[in-house]
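Whenever a hint applies, use it, and build me the whole structure from the sequences.
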Amino acid sequence: AQGPSGTRLWFEQTQAQRLGPKGELPVWFHGFISRREAEELLQDQPLGCFLVRFSESTVGFVLSYRSRSLPPGAGIAAATLSWTSCRTGAT
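Residue 51 in UniProt numbering sits at position 51 of the sequence shown; the count goes up by one each step and never skips.
Among these hints, one or two may not hold up.
What the hints assert, rightly or not - Simulated restraints on C-beta separations: (1) Q13 <-> E56: 15 to 23 Å; (2) L9 <-> L47: 30 to 38 Å; (3) L25 <-> P46: 18 to 26 Å; (4) Q43 <-> P21: 31 to 39 Å; (5) R35 <-> W10: 17 to 25 Å; (6) P46 <-> A16: 30 to 38 Å; (7) R68 <-> W10: 28 to 36 Å; (8) L47 <-> W10: 29 to 37 Å; (9) A77 <-> K22: 28 to 36 Å; (10) T14 <-> L63: 26 to 34 Å.
Derived from the structure by calculation, the hints contain no laboratory data.
Glycine included, every Cβ here is placed at the ideal spot set by N, Cα and C.
Below you can see the structure in the form of structure tokens.
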């Protein structure tokens with residue numbers, strides 16, 4: 001299954017056991033938030049700040065990060081990482 005339900009299933013089956021001993025997530029992992037929510041969280045942060053969230057359109061993660069504003073007003077970049085890329089180390 002693609003989308004959020006497929007991603008949730010993949011995460012529960014393959015990644016959940018990698019959480020901390022109390023089930024805590026790293027502070028940079030935001031799970032199921034939208035691209036717009038990620039942009040809002042990062043817009044006032046220093047260059048280089050980032051978060052990881054689940055992709056809204058495919059099974060995998062999105063790395064959203066604060067970058068230099070080129071053009072003005074567009075300072076949030078995103079890169080989608082498929083689960084196979086993450087698993088094999090390829091990009």
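Hint by hint, here is what the structure shows:
1. Q13 <-> E56: 15 to 23 Å: Holds: the Cβ-Cβ distance is about 20 Å, inside 15 to 23 Å.
2. L9 <-> L47: 30 to 38 Å: With Cβ atoms ~35 Å apart, the hint holds.
3. L25 <-> P46: 18 to 26 Å: Since the Cβ atoms of L25 and P46 sit about 22 Å apart, the hinted range of 18 to 26 Å holds.
4. Q43 <-> P21: 31 to 39 Å: holds, 34 Å
5. R35 <-> W10: 17 to 25 Å: Once the Cβ atoms are compared, 20 Å apart, the range 17 to 25 Å for W10 and R35 holds.
6. P46 <-> A16: 30 to 38 Å: About 31 Å separates the Cβ atoms of P46 and A16, which means 30 to 38 Å holds.
7. R68 <-> W10: 28 to 36 Å: Holds - the Cβ-Cβ distance for R68 and W10, about 33 Å, lies within 28 to 36 Å.
8. L47 <-> W10: 29 to 37 Å: Holds, since L47 and W10 (Cβ atoms, about 32 Å apart) stay within the stated range.
9. A77 <-> K22: 28 to 36 Å: Hint holds: Cβ distance 32 Å, inside 28 to 36 Å.
10. T14 <-> L63: 26 to 34 Å: violated, 19 Å
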